[in-house]
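Number of protein chains: 2
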Amino acid sequence: MTIKEVCEKYDITPDTLRYYERVGVIPEVNRTKGGIRDFSEEDIKWVENAICMRSAGVPVEMLIEYVRLFQQGDGTLEARRNLLIEARAEVQKQLDKYQSTMDRLNYKISRYDEALKTGILSWDDKQ
Amino acid sequence: MTIKEVCEKYDITPDTLRYYERVGVIPEVNRTKGGIRDFSEEDIKWVENAICMRSAGVPVEMLIEYVRLFQQGDGTLEARRNLLIEARAEVQKQLDKYQSTMDRLNYKISRYDEALKTGILSWDDKQ
DNA sequence: ATATTACTTTGAGTTAACTCCAAGTCAATA
DNA sequence: TATTGACTTGGAGTTAACTCAAAGTAATAT
Chain A
0 MTIKEVCEKY DITPDTLRYY ERVGVIPEVN RTKGGIRDFS EEDIKWVENA
50 ICMRSAGVPV EMLIEYVRLF QQGDGTLEAR RNLLIEARAE VQKQLDKYQS
100 TMDRLNYKIS RYDEALKTGI LSWDDKQ
Chain B
0 MTIKEVCEKY DITPDTLRYY ERVGVIPEVN RTKGGIRDFS EEDIKWVENA
50 ICMRSAGVPV EMLIEYVRLF QQGDGTLEAR RNLLIEARAE VQKQLDKYQS
100 TMDRLNYKIS RYDEALKTGI LSWDDKQ
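Those sequence lines, one after another, are chains A and B. Each residue of the first sequence is one higher than the one before, starting from 0 at the first, in numbering that gives the first Met the number 0. Each residue of the second sequence is one higher than the one before, starting from 0 at the first, in numbering that gives the first Met the number 0.
Careful: at least some of the hints might be erroneous.
Since the list gives no way to pick one copy over another, a pair counts as held whenever it fits inside one copy or between any two copies.
Below 35 Å or equal to it, Euclidean Cα-Cα: the simulated DSBU-like pairs (lysine-lysine) are [claimed, not checked]:
{"#": "1", "residue 1": "K125", "residue 2": "K44"}
{"#": "2", "residue 1": "K96", "residue 2": "K125"}
{"#": "3", "residue 1": "K44", "residue 2": "K107"}
{"#": "4", "residue 1": "K116", "residue 2": "K3"}
{"#": "5", "residue 1": "K116", "residue 2": "K96"}
{"#": "6", "residue 1": "K32", "residue 2": "K8"}
{"#": "7", "residue 1": "K125", "residue 2": "K32"}
Think of the hints as simulated: they come from the structure by calculation, not from any bench. For clarity, every value in this text was computed on a predicted model and none was experimentally measured.
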């Protein structure tokens, strides 16, 4: 699979993909004899994982560390697990914040809906 | 309430608070005759709201626009509601991403747990 | 074979959101 | 009253994560 195809599949830019490879967010990608990237199924799984993790704010640094450990082989299994647990804790924390922001937005919007329907602004609608 | 107290209450820096006021994420804050900020209850509600929204990635620009509309009075009720609905859609989208990242992390971690317990790496543990 | 297009690399530039700095003012204490 | 420490402003600097540009090479269409 070419870089273009991967980019279209996941709606990202070639620059981002090359950047990911350059800094090590994904391992080095297969190349043709001409030096052009030819993403294998495994490469694509790494890309998919990177995009998923990044979309939840997992830092590039953490993904680099994970790949680094992965490439060192089975001796790093526990270290990798610990890294994932750390990442999960962060993602969960953010998830909770997003949820409470949703609650706040829903409350505010319901107040606005009421105000717009009845013409009455209760104190809570201030702000 | 002084800037220091507000910062301690919400665990942010004075620089961030001043920045929020400067760019309009919160309306201008009350001052003492000497020009020192003296946050009123209402000011603090604005701060709380800003921190909550920012923690869920609502852009500073959107918060500025909301305050701008708010200060124009009741004629902007609908515009403000629309802005909130727009923000909510974005937050929900992110929330969904965070949730699917959590699912992926939970799956991976469970695989690692198994591998560490049994000493067997199934294919899925790769990556 | 030639022209066009897509790829390559390295390195610089951009963006949002802070974060820090310098110089000055004000308030509280010795 | 002098000093200490917290506040003020305007503007510059930082950071993470891309994003773009320039110059060159390779693959494809005519």
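Status of the hints after comparison with the structure:
For the identical chains of this complex, K125 and K44 are inter-copy neighbours only, at 10 Å across copies versus 48 Å inside a copy, given an alpha-carbon limit of 35 Å. In this homomeric assembly, K96 and K125 come within 35 Å of each other (Cα to Cα) both inside a single copy, at 23 Å, and across copies, at 32 Å. With identical chains, the CA atoms of K44 and K107 are at most 35 Å apart between copies only, with a shortest distance of 13 Å across copies and 41 Å within one. In this assembly of identical chains, K116 and K3 lie within 35 Å of each other by CA distance neither inside one copy nor across copies; the values are 50 Å within and 41 Å between.
For a Cα distance limit of 35 Å, the shortest separation of K116 from K96 qualifies both inside one copy, at 30 Å, and across copies, at 34 Å. Taking CA atoms no more than 35 Å apart as the test, K32 paired with K8 passes inside one copy only; the shortest distance there is 24 Å, against 60 Å between copies. Taking the closest pair of Cα atoms, K125 and K32 come within 35 Å of each other only across two copies (27 Å); inside a single copy the shortest separation is 65 Å, beyond that limit.
Checked against the numbered hints listed earlier, the structure breaks hint 4 alone; every other hint is satisfied.
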